[in-house]
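Quick note, the sequences are listed as chains A and B, same order. Each step along the first sequence adds one to the number in this note's numbering, with nothing skipped, and position 72 is 72. Each step along the second sequence adds one to the number in this note's numbering, with nothing skipped, and position 427 is 427.
There may be inaccurate statements among the hints.
[As the list claims (entries may be wrong)] Not the full set, but computed from the structure, chain B residues with beta-carbon under 7 Å of chain A:
| hint | residue |
| --- | --- |
| 1 | H189 |
| 2 | I193 |
| 3 | L207 |
| 4 | C212 |
| 5 | G213 |
| 6 | F268 |
| 7 | T270 |
| 8 | M273 |
| 9 | R277 |
| 10 | E280 |
| 11 | I294 |
| 12 | G297 |
| 13 | T300 |
[As the list claims (entries may be wrong)] Derived Cβ-Cβ restraints for the label pairs, each shown as a range:
| hint | chain 1 | residue 1 | chain 2 | residue 2 | range |
| --- | --- | --- | --- | --- | --- |
| 14 | B | D180 | A | Q76 | 55 to 65 Å |
| 15 | B | P438 | A | Q76 | 28 to 38 Å |
| 16 | B | E12 | A | D38 | 56 to 66 Å |
| 17 | B | I431 | A | R41 | 41 to 51 Å |
| 18 | B | N460 | A | P80 | 49 to 59 Å |
| 19 | B | D180 | A | K10 | 41 to 51 Å |
Quick caveat, the hints were computed from the structure, so don't treat them as lab data. All values derive from a computational prediction rather than experimental measurement. Beta carbons: idealized from backbone N, C-alpha and C, even for Gly.
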Amino acid sequence: MSLSGAFLKKSPWVYHAHAGGCNGCDLEILASFGPRYDLERLGIKLVASPRFADILLVTGPVPLHTKPFLERIYDQTPSPKKVVAMGACGCSGGVFVDDENYSIAGPVEKIIPVDVRIPGCPPKPEAIVEGIMKAVRMF
Amino acid sequence: MSKRQAALDVTEIKADEVGTEVSKLLNQGARMMYASGVDAGVPGIRIDYYFTFDEEIPSRNLVLRTYVNRKRPIIESVTPITTQADWAEREMIEFLGVQVKNHPDPRHLWLPLNWEDMYSSTHPKGDTESERINTSPTAHPPHDNIFSKHLSVVPYGPYHPALIESNYLKMSVEDEVVRDADLKLGFNHRSVIKLMERRDYYKDLFLAERICGFCNVSHSMTFAQAVEQIADITVPKKALYTRTLLGEMERMKSHILAIGLMGDLTGFRTMLMHAIRIREEILDSLEIMSGQRISHGIITHGGIRNDVTPVHIDVIKSKLKNLKKSVPEYFDQLLANDVFTGRLHKTGVLTVDVAKKFGAVGPIARGSGIRVDIRKNSPYAAYEDVDWDVITENDRDCFARVKVRMREVLMSLHICEQCCDVIRSAPSELITPVNELPCGEGFSRTEPPRGELLYHVASNGTNTPEFVRLRVPTYPNVRVMIDLIKGSEIGDVPVIIGSVDPCFSCADRVTVVNQGKVTVSGGRR
């Protein structure tokens with residue numbers, strides 16, 4: 001039995017999973033939860049554990065080391081859940097795509113199913129707000 | 001026009017003389033910045049030990065270079081002589097397979113612990129043909145490592161997932177006191193310097209920017225400076241001042257966020273939100289100049305890409321005027337809070353001796369009263385021509401480090417204003433094109449917000465670099481951080497981490513080991 005997503009539309013909670021990457025996306029996530037863009041006015045909250053999150057916000061190209069942790073985070077998130085891959089690295093691997101790159105396991109969609117992609121390096125806070133709202137409408 | 005940074009001074013020695021030569025240099029007052037190896041092919045594996053003399057201004061950079069046999073790459077460890085070489089030698093063991101004899105702690109630091117299993121063909125699902133990495137769980141989980149220890153996990157402290165990053169910190173706790181701490185890195189290992197050898201110099205700039213979102217200007221600027229040294233060109237005045245302006249804006253936004261984070265770590269979340277609000281002004285002016293808020297792509301070899309027009313300068317000046325009002329107000333609010341100041345006083349005291357022993361750089365060293373600032377020690381960009389001074393505090397605790405950051409923000413505002421005035425009237429030339437890149441080596445150092453960044457680039461005459469070696473400021477500072485955590489109280493640990501302001505990037509995992517019996521609080525992992 002799973003919860004109907006209709007409840008989640010009011011106030012989805014977001015867990016930010018940092019899977020490698022350069023911090024640029026994380027700074028923009030912080031800015032979009034800050035005073036100017038303020039995602040919290042839409043009922044969206046950043047939480048510190050995947051166990052009570054509804055939306056996973058994944059940044060970065062997923063280094064080998066982080067891959068098992070990302071899989072575990074995905075398993076820990078209760079369903080219904082949505083995954084938002086953020087940034088050029090999260091969507092496609094970005095600048096780190098290379099035949100001889102020995103330490104990248106991703107992009108994110110190779111490891112866990114992705115529902116919404118937010119391209120950009122890093123995306124602007126406006127784009128993050130829109131991407132998360134798209135994921136919210138999918139519930 | 002400012003002078004060029006000093007080039008590398010290379011001394012070749014025999015492999016068995018390394019210990020004596022290193023201790024000779026250290027006795028002369030040198031600081032070991034880094035040690036790294038390059039597989040040079042026929043002559044063997046080349047190992048470089050980088051030194052600098054902080055007391056001399058402009059400081060001299062020195063490299064001890066030695067070659068070891070590729071078949072039997074054995075070298076004596078210098079870690080017993082100086083702890084500054086500890087992580088650098090662990091890196092050599094991991095990435096080059098150099099056998100460092102008598103290293104006290106030769107474990108994996110960056111690569112996954114089951115790394116050998118991932119590549120070996122004995123793996124049941126091993127794919128030897130395409131040599132793709134096998135990431136499925138191995139049959140033999142690694143023993144004696146940071147993961148397999150008996151752990152009791154405590155959801156640790158108020159921290160922000162975006163800010164304290166990719167470290168796996170393990171602490172043995174007795175009552176409230178941390179007895180031992182260990183760190184596992186590499187959650188963010190993206191093999192950037194390997195990719196740099198495969199791409200041309202202009203693409204490498206973008207790769208360098210993506211190493212760190214906090215200090216991307218410094219990364220691309222340092223790489224460009226190293227290449228400019230090889231090509232032997234002079235950068236136009238306007239480009240130099242624009243680089244200085246970008247670097248200082250980056251310092252302001254990083255420091256303000258670090259200070260806001262300290263507020264968050266002491267349970268004062270409003271201050272983090274104020275910090276984000278103030279940062280937006282800086283991000284706006286950076287967006288006007290370069291078109292991007294975080295990674296700018298404006299610095300290129302020989303100059304800058306976009307023009308900064310007088311109209312831009314007017315907008316930036318008005319933003320700076322707002323900042324001049326809001327930043328001191330913000331700092332006064334923070335300093336008027338007794339909880340905040342009382343929490344930081346006498347916490348995490350870093351003595352001058354320990355800071356020198358581990359080779360601390362940046363605000364961490366300056367908070368202990370050591371005058372180390374690469375902007376002064378070996379000036380680059382326009383730092384010789386603008387009015388500013390190195391900021392030091394003598395209290396040596398977390399509060400001193402925060403105060404250094406606060407005063408540096410105000411100093412940066414002062415530098416930015418001067419740069420704006422010069423850029424407005426500077427000649428419009430933006431870039432000196434790099435026509436030819438001869439064989440050679442370039443070495444460059446800058447001061448990002450967190451300390452000293454160095455790049456060593458070698459050109460072989462083609463369009464890709466022969467090798468790139470870089471050392472980020474977090475590298476020596478985190479070594480200091482572990483030492484500060486040992487012996488401190490468990491409640492002080494987030495504040496100490498926040499005051500060192502490490503920049504690994506990645507989600508943070510702090511686990512607490514209670515030696516002896518396991519107290520379950522928060523569940524087993």
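Cross-check of the supplied hints:
1. H189: holds (5 Å)
2. I193: violated (11 Å)
3. L207: holds (6 Å)
4. C212: Since the shortest Cβ distance to chain A is 6 Å, the answer is holds.
5. G213: With a closest approach of 3 Å, the G213/B hint holds.
6. F268: Violated. Min distance 15 Å.
7. T270: violated (10 Å)
8. M273: It holds, given that the least Cβ distance between M273/B and chain A is near 6 Å, below 7 Å.
9. R277: Holds. Min distance 4 Å.
10. E280: holds (5 Å)
11. I294: Holds, because the Cβ-Cβ distance from I294/B to chain A comes to roughly 4 Å (cut-off 7 Å).
12. G297: violated (9 Å)
13. T300: Given a least distance of 16 Å, the restraint on T300/B is violated.
14. D180/B with Q76/A: 55 to 65 Å: With a Cβ separation near 29 Å, D180/B and Q76/A fall outside 55 to 65 Å, so the hint is violated.
15. P438/B with Q76/A: 28 to 38 Å: violated (55 Å)
16. E12/B with D38/A: 56 to 66 Å: holds (59 Å)
17. I431/B with R41/A: 41 to 51 Å: holds (44 Å)
18. N460/B with P80/A: 49 to 59 Å: holds (55 Å)
19. D180/B with K10/A: 41 to 51 Å: holds (47 Å)
Of the numbered hints listed earlier, those contradicted by the structure are 2, 6, 7, 12, 13, 14 and 15.
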